[in-house]
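K.L.:
Put chain B with the ligand on the given structure of chain A with help from the hints.
These protein sequence lines map, in sequence, to chains A and B. If you read the first sequence in my numbering, its first letter stands for residue 2, the second for the next number, and so on. If you read the second sequence in my numbering, its first letter stands for residue 230, the second for the next number, and so on.
Treat the hints as calculated values from the structure; they're not laboratory data. Note that the structure is a prediction, hence the values are computed from the model and not measured. Backbone N, C-alpha and C fix where the C-beta goes; we use that ideal spot for every residue, glycine too. Careful: at least some of the hints might be erroneous.
From the structure, some residues in chain A lie toward chain B, with a derived Cβ separation under 10 Å [unchecked claim]: (1) Arg53; (2) Leu62; (3) Lys132; (4) Phe140; (5) Trp252.
Residues per chain, in single letters:
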Amino acid sequence: MKNENLYNYILGIADNSLILGQRLGELCGHGPNLETDIAMTNINLDLIGQARSYYQYAGKLTGQDKSEDDIAFLRLEREYRNVLLVEQPNTHFGYVMVRQFLFDMFHFMLMEKLQHSKDETLVAIANKGIKEVSYHKRFSSDWIKRLGDGTAESNAKIQEAINDLWRFTDEFFQLTEADKAMVEVGIGVDVSKLKEDYYKKVSEVLEEATLQTPENKYFTKGGKEGLHTEHMGYILAELQYMQRTFPNMTW
Amino acid sequence: MTSLLEPNIDIALIPILETVADPEIPVLTVLDLGVIREAVEENGLVSIKLTPTYSGCPAMDVIGDDLKAAFAKNGMKAEVTLILSPAWSTDWMSEAGKRKMEAYGIAAPLEESADKAVLLGNAKLVKCTNCGSTNTHLVSQFGSTACKALFKCDDCQEPFDYFKCLK
Ligand SMILES: [Zn+2]
Chain A
2 MKNENLYNYI LGIADNSLIL GQRLGELCGH GPNLETDIAM TNINLDLIGQ
52 ARSYYQYAGK LTGQDKSEDD IAFLRLEREY RNVLLVEQPN THFGYVMVRQ
102 FLFDMFHFML MEKLQHSKDE TLVAIANKGI KEVSYHKRFS SDWIKRLGDG
152 TAESNAKIQE AINDLWRFTD EFFQLTEADK AMVEVGIGVD VSKLKEDYYK
202 KVSEVLEEAT LQTPENKYFT KGGKEGLHTE HMGYILAELQ YMQRTFPNMT
252 W
Chain B
230 MTSLLEPNID IALIPILETV ADPEIPVLTV LDLGVIREAV EENGLVSIKL
280 TPTYSGCPAM DVIGDDLKAA FAKNGMKAEV TLILSPAWST DWMSEAGKRK
330 MEAYGIAAPL EESADKAVLL GNAKLVKCTN CGSTNTHLVS QFGSTACKAL
380 FKCDDCQEPF DYFKCLK
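Bound conformation, chain B alone:
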């Protein structure tokens, strides 16, 4: 088995992949999310290996269909396989993606130890997406989707989502 820690993506396919967005965080493309582990073309057939963020993430079925539709629009047939191993990690999100996510109103994942500290309520490190203050607190470990936690800013009072670190 080849390692998929480094995704194997044909450069020629990137412009098409970039048109497919996460249905729940539409500012992020599937490449920003890091869920495409392989995309290669052979004799007009594109085979894609997609890994879910969370096991039950309902966005995955939609992303699979959107990928097929995006390639169909470019006259190519795509085949999407869902793979579980290696398991997705927030480390695979692109830096550009993290910045876009913050501008969209979702705080980007901190690194592992900082993440643990904020989710246990031991540290104030999550930056409010509205005013930038780190004077924020955890409201709920689970937010609007499984991948997020709900925070609230104690300076501007804005409630916001934080994308949890997954490693």
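Chain A extracted, bound-state conformation:
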């Protein structure tokens, strides 16, 4: 493939949306109340919609007429480039909101920068996506504040979720080979430069929510290189079941 770096770069962004979208989709009908249930599925829909746009573009780059579905459904675990954070399981609602918040804050910053890419298609997707992501960010930030500054129990549960998920945040800012190549030609975003601002903005929200910003310096990574946590296989089993059981099925 001629544009292999660009292809991998796009998957690095798209797979986050696909896998987090899939996680949120699992919650359809299981939200704590109707409004949050609908909100989570709406966010899921936005993310899947964004993933579709990226995959359609990536499909064209392969030069083999690969469809968005081929890319979304027919890869092996090692070929998915999403960060480990987004594949973490849905435990309780607070945990889901912390996962969402930590991702949305990064996602928004990434979209802001991607709007200035030299790649016209990525700019178009980012221009569209950022409007949606700003709603996601507002929704998850509000819940962090509400639960953090809520009861002693909600505060403890949220703090625990933050402490648990914090180790996945550093991975956002790692540059893969594809990232480096794309940054060099002005297409990709240098995510390593977003780090400082990310932690500053996240801490501001946590402070407002009367939560502690963790100080741990031990981080886990690997998702961007295709090395996933044990949860990923289960996600893919569900996501890919239909296409693998009935290849080329349509409805």
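P.N.:
Same frame as chain A, but now just chain B with the ligand:
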């Protein structure tokens, strides 16, 4: 690249386009919504450029099929391309469309700063579609679809959708 901020639509095609409605808000035509950025005919082939309201809006696939069917009924073949740029804005909705939407029970988008104020709960500006009172409050930032938020009227108690401003 030509700018699509001003849609380029052949006047002759408007009567057909007007027959195609948003499947989720059927009182609005695709022209009211402002999702048609180009519709031109050449040698019997109509090419249409359609822009989605939200990235994952499931209505877009349906609208694409409905457009093709509407032109087929008039003996024309239509080709629909989905474009993302420039990104759709609620400013592209027609004034007539906004009025039809309100009559249908969905509050029309406010302008950007007012929209932000109501969604943050700092102002009461969204008018109840049932009684007209602005004594309303936000129930949820996400309503029955991604483009709407859920509100409730504190005077008549009616819950209703508000079409969020997207800019
Ligand atoms: Zn009322």
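K.L.:
May I ask which of the numbered hints given earlier this structure violates, with the numbers listed in increasing order?
P.N.:
2 and 5
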